[in-house]
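Visitor: We have chain A already, so just place chain B with the ligands on it with the hints.
From first to last, the protein sequence lines are chains A and B. Residues in the first sequence are numbered from 1 upward in steps of one, following my numbering. Residues in the second sequence are numbered from 1 upward in steps of one, following my numbering.
Since the hints were derived computationally from the structure, they do not count as laboratory data. Mixed in with the good hints there might be a few duds.
Capping the alpha-carbon separation at 30 Å, the derived lysine-lysine pairs in DSS-like fashion look like this [stated by the list, open to error]:
#1 B:Lys37 x A:Lys21
#2 B:Lys12 x B:Lys314
#3 B:Lys326 x A:Lys201
#4 B:Lys305 x A:Lys201
#5 A:Lys201 x B:Lys282
To spell it out: a stretch of chain A is covered by chain B in this simulated footprint if at least three of its residues, at any positions, have a beta carbon under 8 Å from a beta carbon of chain B; those stretches are [what the hints assert, rightly or not]:
#6 44-57
#7 69-76
#8 101-115
Partner residues aside, some chain B positions facing chain A, computed with beta carbon under 7 Å [as the list claims (entries may be wrong)]:
#9 Ser38
#10 Asp42
#11 Gly50
#12 Gly127
#13 Val193
#14 Ser196
#15 Gly259
#16 Ser316
#17 Leu318
Virtual Cβ for every residue (Gly too), placed ideally from N, Cα, C.
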Amino acid sequence: MSTAPTTQIQLPLEPEAGRRKLSTAKAITEAITQQMHIDEKVFVMGEDVGPYGGIFSSTTGLLDEFGPERVIDTPISETAFIGLGIGAAVEGMRPVVELMFVDFFGVCMDQIYNHMAKIHYESGGNVRVPMVLMSAAGGGYSDGAQHSQCLWGTFAHLPGMKVVVPSNPYDAKGLMTAAIRSDDPVIYLFHKGIMGLGWMKKNPRSIGAVPTDAYEVPIGKARVAREGTDVSIVTLSLSVHHSLDVAEKLASEGIDVEVIDLRSVVPLDREAIVASVGKTGRLVVVDEDYQSFGLSGEVIATVAEALPGGLKHVSRVAVPDVPIPYASGLEYAVLPTPARIEAAVRKAVAG
Amino acid sequence: MTVQSVLSATDKLDLLRMMVLIRTFEEAILREYHADKSPGFDIGAGLVPGEMHLAAGQEPVAAGIGAHLSLGDAMTATHRPHHLAIAHGVDMRKMAAEIFGRETGLGRGRGGHMHLFDPKVHFSCSGIVAEGLPPALGQAFAFQRAGTDRVAVAVAGEGAANQGAFHEALNLAALWKLPVIFVIEDNDWGISVPRSASTSVPSNAVRAAAYGIPGTRVEDNAVEDIWAAVGEAVRRARAGEGPSLIEVHTLRLWGHFEGDAQGYRGDLEGVPGRDPIPTYQKHLTDAGILDGAAFTEMGAAASTKVEDAIAFAKSSPLPDPADALKYVFTEGAQS
Ligand SMILES: Cc1ncc(C[n+]2csc(CCOP(=O)(O)OP(=O)(O)O)c2C)c(N)n1
Ligand SMILES: [Mg+2]
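The shape of chain B in the complex, shown without the other chains:
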């Protein structure tokens, strides 16, 4: 596979298009999530019950990674998975249906939004902080053993980089030169705990040195820089040179989960101005690549796709409660 080191105008528009698609999806889920939880927020009520962690503001990370991956590559994500799933090509209709707990969902309604599994594109995620990282090593191991140049991308938050699993995974991947790209989404917060109160170093990129692998930190949620850093890490991994660690300083635009009043958060005032989508839109407009009509068109296309997925989800059947015990084991699982 040839490695591209310069973004064409089309590539740049594709990055923005992906960011817009993700935001449109997250806004639609936000709308649906809150639509039937009143009066008085009840987390277990409505068509989309349970915890809901949305990734608005973190779209550049997903777009910058997704641009380098093909269908055979793997990705493991976190409790905040939608942006990564979309950029990795997870089936949006089935993903929406899973979020709505439908039989047509990725996990037939058994998993929910933190437990999305799409084997077609080797995508998975976990609700246990940092525990999505080790399985990526195994996917990379399998790809390596099969003699392919496929890679696995393991994504986690900055809070996760203080878990044992993170450090064990880095060491093992480095030791066995596994084709893994570790990406840390530093959104400054682990729920209510700021990174200054959780992390002993100003950048997780420096932790790469402890395992003898390259570590890079990308500032300002800059999608083109993310794209470039991931591109180099993917090149290395495909060439058999082993894992890399990239930390991106990104932004959690909304609460940790829906319903989070964020009373602990002092940085909220500056947040809307840091929204990466208008920032990149302006960047491309100033560069003469994008005009207003093209941006509107991007939004309209995203809306069409997202609303189709939501409509598919809402019109899909609910799982039959009589089937609640199905799928614990493979026996009798065929429907």
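Chain A extracted, bound-state conformation:
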């Protein structure tokens, strides 16, 4: 599907400065809390979501507030409890289910892609699955090949699930609110590096201003995280921050970088991508997922279809199709680091 380029770029959806600040983890929890107060059909379920509060603090405090009937620790039986979430959603409940690390989808994928994602279609629209499956993604702290993957492209490839990937506290709250209210199944992937955890290296922007009231960030709408004229970086999640850091650095040299934060992979905001690249003529896709057969290729295909011949530069900075290595030096050689992004941008504007 090709999308006609538009000149209209969505204004950045930013909270006003000086407002209350929250970590991304707290912003997620606040969204869940508010929806649980509004709708008694919402409940939370997963491993270590109760007294522990979620391994990455996505459910901290929920047990105290709502009790064990609505904040439920499960056995390590992902097929069973994700399947249970599907059944409960089919009956009108609104489960928020946590899969501790997205890497663990392997043990429960059938429930996710053959059931959660397909029931609505197979039933001819007669059965809805209003469920949120949230999970931690990403590397950068030497957790090895089975605990460091992003995998959003894998879910996005399979029809029937919305896939949202926030990069900051404001979007995290708004996207979670929208996900819980959505009547479609939503995969909600938070990068550990943006949660604002005290025990992990984090980008300063993982703590930011968040409005107190409930609000939605629309699923499927990208955000212009930084306006620029020379080159478009299309990215998401933690890589948004690396890209913004690179953009700020290069601004002093007169290189004007635009950064598009996709926020959703499904639906993909193709209009926003095409509008930006239509303006700059140069595209660098930055993605912490595996490079081939995934999001970066999809973004480039979108632009190629919409702007044939109109491109001065296309490249991508992604994980080069290798399992994430353990040793830090190896891991940082394959991650989309600021250094790799900077090199790609320099090449883009030179060419």
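Guide: Coordinates of chain B with the ligands only, in the frame set by chain A:
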């Protein structure tokens, strides 16, 4: 292979020696892990970054299994693998080097502490709960097809016994009479979830009945009872009588992983008194098999071996970042 059913005094000392060696290793890793993560714990920092699951308290399981295995037997372990690796004879220097992410490590620094592979002793482990069990079936299958009496031991935590992979593996191993010994380490906890909140039966041993195989539960982390139960299961497997399931009630002395504050844990107060090493030390001392000097000597020998491994690891080269793409496939993998 003859099967021994009684432990000699030497065997008992060997069990304790192995437990001491494992504890010494885990304490050294604990020390190294935390040495350079301050101020403020940063999981990705230091010479040993990443998650770290240590097995202090679970040494009896490893010692009791290891005593029955020879180099040709296989073992698959979990995200908490060091004790089992040591008792199975995994090269300690290479294992330490892997934990330090060095080129001399078991996986040349690509794997890390949850991904230790030592083909010399047919050892492997996995960070995905229960997913280390099925490959043990395949190793047992290969041993069986080759006409040998070699066996595979598949270890998992009590939390893992609620995964589909566990039940599928038990059924298939039973159906095909594979020489597999399933060992469940019940340390009462799956991270913060107590077994009472995760498991429908008080003992996983009863689940063996569903697959028509013997199931045994060993209480109190008792190393000699573990040794005896594993011995019988290994005998059966070597004799072609098929798989067995053993659950050991063991103890997670420390956090799930390093950095775990364990605020959820109400049983911590009683924990130090349940430490299996002083318990067994006292047992052997009371039996007149062990004296203070011999125990001190055990600790000193363990320290020497462990510190040698740590020193080897720390002095080994880091992998070259330019080689990050090497080893995805066999082509070009020879160094
Ligand atoms: C399929 C899968 N789900 C969840 C996890 C996260 N996780 C790692 S260890 C663990 C607890 C395991 O408990 P248990 O099997 O009892 O082993 P123990 O840690 O107590 O040794 C969990 C939930 C995982 N690694 N794999
Ligand atoms: Mg356990």
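Visitor: Would the hint on Gly259 of chain B be counted as holding, given a Cβ-Cβ threshold of 7 Å to chain A?
Guide: holds (6 Å)
Visitor: So if I understand the rule, the pair passes when the alpha-carbon distance is 30 Å or less; does Lys37 of chain B with Lys21 of chain A pass?
Guide: It holds: about 27 Å lies between the C-alpha atoms, which stays within 30 Å.
Visitor: Does the CB of Ser316 of chain B sit less than 7 Å away from some CB of chain A?
Guide: Because about 11 Å separates Ser316 of chain B from the closest Cβ in chain A, which is outside the 7 Å limit, the hint is violated.
Visitor: Counting residues of the stretch 44-57 of chain A with a beta carbon closer than 8 Å to any beta carbon of chain B, are there 3 or more?
Guide: As far as the stretch 44-57 of chain A goes, the hint holds, because 6 residues have Cβ atoms under 8 Å from chain B.
Visitor: Three residues minimum, CB to CB under 8 Å: does the stretch 69-76 of chain A make the cut for coverage by chain B? Let me know.
Guide: holds (count 4)
Visitor: For the hint on Gly50 of chain B, does the least C-beta distance to chain A fall short of 7 Å?
Guide: holds (4 Å)
Visitor: Measuring from the C-beta of Asp42 of chain B to each C-beta in chain A, is the shortest one below 7 Å?
Guide: Nearest chain A Cβ about 6 Å off; hint holds.
Visitor: Identify whether the interface hint at Gly127 of chain B stands, where standing means a beta carbon of chain A within less than 7 Å of its own.
Guide: holds (4 Å)
Visitor: Run the distance test for Lys201 of chain A versus Lys282 of chain B: straight-line Cα separation, threshold 30 Å.
Guide: violated (45 Å)
Visitor: Establish whether the coverage given for the stretch 101-115 of chain A by chain B is satisfied; the threshold is a Cβ-Cβ distance below 8 Å, and no fewer than three residues must meet it.
Guide: Our answer is that it holds, as 4 residues pass the Cβ test (under 8 Å) against chain B, meeting three.
Visitor: Within a Cα-Cα threshold of 30 Å, do Lys12 of chain B and Lys314 of chain B meet the stated pairing?
Guide: Violated: Lys12 of chain B and Lys314 of chain B sit about 33 Å apart, past 30 Å.
Visitor: Answer holds if the nearest beta-carbon of chain A is closer than 7 Å to that of Ser38 of chain B; otherwise answer violated.
Guide: For Ser38 of chain B, the interface hint is violated, since the closest Cβ of chain A sits about 12 Å away, which is over 7 Å.
Checked against the numbered hints given earlier, this structure breaks hints 2, 4, 5, 9, 14, 16; the rest are met.
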